[in-house]
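Protein chains in written order, with this note's numbering: chain A, 423 to 685; chain B, 2 to 358.
Please keep in mind that the hints were generated in silico from the structure rather than gathered at the bench. Hints should not be assumed to be uniformly reliable.
[Said to hold, decoys possible] In silico contact screen, one side only, chain A against chain B (beta carbon under 8 Å); selected entries:
| hint | residue |
| --- | --- |
| 1 | Thr574 |
| 2 | Ala578 |
| 3 | Asp580 |
| 4 | Thr583 |
| 5 | Leu584 |
| 6 | Glu586 |
| 7 | Ala587 |
| 8 | Glu589 |
| 9 | Ser590 |
| 10 | Leu591 |
| 11 | Gly592 |
| 12 | Pro596 |
| 13 | Thr597 |
| 14 | Val602 |
| 15 | Asn606 |
In this text, a Cβ means the ideal position worked out from N, Cα and C, and glycines have one as well.
Chain by chain, the residues:
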Amino acid sequence: MKRSRIGSWIAIVVGALYFLVPLIGTFEFSLRLRRGEYSFEAYEIVLADPRFQASFLYSTVLALATIVVGVLLVLPTAYWIQLRLPRLRPIVEFITLLPLVIPAIVLVFGYLRIYNSSSWLPLTGSERTTDLLLMCSYVTLALPYMYRAIETGLRAIDVRTLTEAAESLGANWPTIMFRVIFPNVRVAVLSGAFLTFAIVIGEFTMASLLDRPAFGPYLQLIGANRAYEPAALAIIAFIVTWACMGLIQVFGRGARGSTPDTR
Amino acid sequence: MAFLEIDNLRKAFGAQTVVQNFDLPVERGEFISFLGPSGCGKTTTLRMVAGFETPSSGAIRIDGREVTRLRPNQRNVGMVFQSYALFPNMTVAGNVGFGLRVANRPTAEIAARVEEMLKLIKLPALGGRYPYQLSGGQQQRVALARALAIKPQVLLLDEPLSALDAKIRVALREEIRNVQRNLGITTIYVTHDQEEALSMSDRIVVMNEGRIEQIGTPFEIYNFPRTRFVASFVGTLNILRGRVTDPAGGRIAIDDQEISAARGIVDAQAGETRSVALRPEAVSLDDVDGAHNKMQGTIEEVSFLGAIVRIRVRFRENAISLDTFNDPGIAPPQRGQPATVGFAREDLLVLEGAETS
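Okay, chain B solo, but in the shape it has when bound (with noise of 0.2 Å):
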């Protein structure tokens, strides 16, 4: 039996379906990411998994005990919120020990686990300062401490570093992921930000619209993609459409060039029009001797990005983009030149589903 079981959850306001057919084990430790675009039901799965929205069906088990229909208070949960959500009335050794507080432990009980948490989260001499004099990252680590403080069964955290900026989200999240490593806590981290859930997560939940689209470590949703959704919202990916000439063989035609796969693409009928992707790192540039696949184009947008130069080589009616290493002693291609880009068969995803011409 997993630690946090979320068995079959379905949610809707009104006639509008919002999460359905959610399925989820989680074991004790596993740090998960909930990824998605926003409406996906990312956060509402959160909330409901915390207690702040009653689920239409389906059940919530935590370590065996059912709280589906349980108030937030009696689930021993512990959430961190986008807007950091600390009681502006109380410092912050106030905010980390209010937990234990309502709980009535002993004074010198929470003196104890407070300074615990501020060493936990590298602020051990702010406990007497207010959240209004503290900055956006610090913030967001005394409602991480506050929320650990109780010493929950589960972490909830909803886009905790959305409302920071990019320097200090990267330094937080390692953070973030560390202190959930040391102390073991079963965790689950809403995100839209692909970087943050690929680099934190144990296992990634792609969401779209209501549903789960992928469940896989972060390796397997990157180059393994199921569906068309989660190969184009998880990194950058060059869609080709074209149409199949060897169904069994995994041969497609992009642009009247043929390239194959690794597989064969599945109920497909020769003629049919199919899409296939490819990522931009898989593909090289002129280089291409030792590659399966080649295909010849022209440059049509070369950026210049300082380490990164990102090349467009347009066929007709479709383009890849690919991305080279800058090299000082070679100096990038011209817009308008011939160009011919490769790729190994392995790298080429077939994506699900038979299209309309």
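If we strip away everything but chain A, and leave its shape as in the complex, we get (with noise of 0.2 Å):
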């Protein structure tokens, strides 16, 4: 008994180690602009940088257009296959699952086939076209995570169950899906919001392709011409990425704690 917790405090160590060590370092190299002397310079010129506040609220406010959009594919898909049509599952799982395996690159070189200036649906013709495009394609990277999030919410409760007591009370279907459904899984879309957020805010494949001035591009801007302040952003994005998973701990102890039982 003693041996294995022995190895397990061992294994737990080394991983830490292997996680923080960087990180440490990282941290430790963004106080040094300052010759001499540890000093949050770098994070004060790069928070002054006016780009990094454009590019950030470009990526926030996309971001939250993203998570708007996908909480409104994804919790009628979820809530539909979860209620009438159970044996598509398999296939919408596998669908939501293509993300994750072809490259963000290749998918930006689809886009830009399909909808360049010279196709049927000329997207990519002008900014706010482009951002929008951007938006659809950060939905899809998102999919997974998103649908995950919200199908774990959904399996949580009766959804067959409240919806015919929805229905029997002279609900119909948008009564039901805002007034009933969405109130009762409004943690696990949380969840799904804060996973999206993280992803878009740091995501450069597809914002530097489609040339938009997101946060991602303007990291690998920066750090491709200075030296601490790249060290700095890295810091920022990682405590941004913390907060989102920390505010995703915090709503679901939260609920759990709230969550009554019916059964």
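Both chains are sitting in their own frames, so use the hints and assemble them into the complex.
And the structure:
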């Protein structure tokens, strides 16, 4: 018994070191901009950079749009699969896993071939339509995570009986979706939303190839031209991602404490 | 014309027919139970009345209006589910008022109706609680209030007490029946528990394998079962197999001991094997002077159950179980003791159909 516990602890320590040492190194490096002393000057420069603010804002807005479209697409689909078409579940699950398998660069080249300025639907013809195309590509990238999160949330409630109860009380489908189903999978939707936000904020390939002023290309640009600021940006990006994960835990724990047991 | 008419209803899933030839007129204010074993089609029939299943053929009419193809939200029927199905994101008041909010009723009207319903189910102070903060019995009462708040034409209950423990079941079924009587609402209640059906219903529909076996009052179903299935499913029954000796006189030999029924044995020939049935409460032990039918046997088993002593008497191939009240002044009989059982001719039920011996 003791031997296996020591083994577990060794594994945890090695894993933690493997993860933390480069992070600590990056953080330490980011504090060295001012020679001879540690300072947050690299962070000040980054946060004061108008391009940082613009690209972060752009990616945030795009992330929010991606989340809204993703939820509107995935929630009714997952609900309908669970309620009426359970046989299609394996097919839908396979489709939602495709973005994990197909590299982002292949996806974006596909978009450019289909939606270039000389095609039947020239979405790359203007900035706004390119933004729309980028948002759709983010919805695709985030699909595996959003679908899994929402489907898990739907499995935790008795979708069929709640739907029938609402219907017997006179509710139509939009009422059922927005007043009964959505409020009861809110936590799952938020989990998917935070995962989507973390993905969009850090995404580089699609934003770069579609030439949009997103946060990912900005990170790459700073990394190619500066020394200490990229380290600071990397730490900021990690903090944003960890904040998203932390919020998922907070909302998930809070919901578990108040989740009713109607069984 | 009946208030609720279920007319030659049939439901098939692929090649399997799960409900067939279902005809039932229900009067306004009646409490009807669908009683039967699991898989007999009672819930499927209820769901067709609710609109959650579409009949393969047949018709359903409520107060003269054809509702067979209408969606559930167009029928104005209230439904109470086995799993309560309260909306976890809403308070008790929110749940009860949900149907009224969907119907865009004024806020004041909703509040008044919710208060009225909470008083009806004796939970006036729990409007602000969430379902997870309630016991199972409380949740089911809230589910009942929610279904009644919209003033449905028909109330449907699908085994609403199955998930509750025995004591709460007994208390709650009386409450449900009282509420139903006070409101005079036409009700269909699905259960596999015969005690629930017998104690609550104006009439019982006994179902088996998708068909109606018998419709009648609890008294009729229990005392005059028309088929072997009804006789054995409702209440405890002793089934005795023997040879018919006098069909017209209703005489049959059970293990070479001749007994007789009050009526003749229909469509039977002498020498055929038939089954007869006897309720345990109709049988007396040893004090048999007044009994028309007497049979000699041996005590095979004695079970002391507190207020009741259950005794099984073995003849040869057949046995009879009977219940006697515990009497502290009289010791229960011993196994192996000879015994005489007696019962009236009227208590012997002849079950339909000849059997191969």
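Hints, verified against the model:
| no. | hint | in the structure |
| --- | --- | --- |
| 1 | Thr574 | violated, 16 Å |
| 2 | Ala578 | violated, 10 Å |
| 3 | Asp580 | holds, 6 Å |
| 4 | Thr583 | holds, 4 Å |
| 5 | Leu584 | holds, 6 Å |
| 6 | Glu586 | holds, 6 Å |
| 7 | Ala587 | holds, 4 Å |
| 8 | Glu589 | holds, 4 Å |
| 9 | Ser590 | holds, 4 Å |
| 10 | Leu591 | holds, 4 Å |
| 11 | Gly592 | holds, 5 Å |
| 12 | Pro596 | violated, 11 Å |
| 13 | Thr597 | holds, 6 Å |
| 14 | Val602 | holds, 6 Å |
| 15 | Asn606 | holds, 5 Å |
Going down the numbered hints, you'll see the structure goes against 1, 2 and 12, while the others check out.
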